[in-house]
Amino acid sequence: MDVLSLCYSAIDALLPFEWAGHVFMKNAFLAILLVTPLFGLLSTMVVSNSMAFFSDSLGHGAFTGIAIGVLLGSFSPLLSLIVFSIVFAVFITWIKNKSTASADTIIGVFSSIAVALGLMLMTYGGGFNKYAAFLIGDILSITPNDLAGLAVAFVLVVAVWAVLFNRLLVLSINASFAESRGIHAFWVESLFAATLAVVVSVSIQWVGILLINALLVLPAAGARNIAWNVKSYHLISVCISFVSGVTGLIFAYETNLAAGAAIVMAAGILFFVSLALRPYFRK
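So for the sequence shown, my numbering puts the first residue at 4; every next one is plus one.
Since the hints were made in silico from the structure, they are not lab data. The beta-carbon is built from N, C-alpha and C at its ideal position, and this holds for glycine as well. Possibly wrong hints are sitting among the right ones.
Unchecked claim - Here are the in silico distance ranges between beta carbons for each label pair: (1) I272 to S144: 21 to 31 angstroms; (2) W231 to D107: 29 to 39 angstroms; (3) D107 to G271: 19 to 29 angstroms.
Stated by the list, open to error - Computed cross-link-like contacts, EDC-like style, restricted to lysine to aspartate or glutamate with a CA-CA straight-line distance of at most 20 angstroms: (4) K101 to E182; (5) K99 to D15; (6) K99 to D59.
Take these sequences, add in the hints, and give me the full structure.
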């Protein structure tokens, strides 16, 4: 029996619900298990390092990466998207470190250019409709091959996170202090940006370009309201991301709504719940 069959059997044994009887829901649930911890972890550094605008630009740049992959024909759109997103993320980081302009201005410039170029390529020959699915995503369409790719991405991102975490934490506190400790900001930021780009790339066809940034902001934003130390901050962020994913997936199935939108809405509700609970955790 292969790994996927074992996962299916475990879901049948542990989740005796009607929705869990469908293979496409099993696949979607496994995707949630793989993706949401990554969003929860990366979200903490996105929020702590004020990178919400940057992560949003990666979603915008995805327009171009997807379009290039489709136009080249012989290449996988996903491979093209990953390569373009990594180059795009590292290039923005390099320009940000070299330029005297503010970071949000630089990110805004490149984000706008990427969106414009992507739309130009997508509308070439009047074929924009074939890209529409990437805007809102569809996690219910995930396949076993997609799950294998997500599993690989999960292992790689967790490994990179283990290496980068302390450096990123110091950078988020004080960049000058980090430099004095021998932490090279550009290389650490570039590796984190590339990691972020990979997660965005492998998730965007299921979450959607219009919603991807929300999942990189809301979990940590909610966790920050009620966390009492660094460990709790990361743990709560992962929990919010996971609960939002599972709740949104089941709600979308029961109501026949877009799963990506339902997941983001669940994360938004949890953010406001954490905001209401904040006074009790700040005593």
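Outcome of the hint check:
About 25 angstroms separates the C-beta atoms of I272 and S144, a value consistent with the hinted range of 21 to 31 angstroms. Range check, W231 to D107: about 30 angstroms between beta-carbon atoms, so the 29 to 39 angstroms window is met. Take D107 and G271: their Cβ atoms lie about 23 angstroms apart, and the range 19 to 29 angstroms holds. With a CA separation close to 16 angstroms, the supplied pair K101 and E182 stays within the 20 angstroms bound.
For the given pair, K99 sits about 49 angstroms from D15 by alpha-carbon distance, which is inconsistent with the 20 angstroms threshold. Distance hint between K99 and D59 is fulfilled; the C-alpha atoms sit about 16 angstroms from each other, no more than 20 angstroms.
The structure does not agree with numbered hint 5 stated previously, though it agrees with all others.
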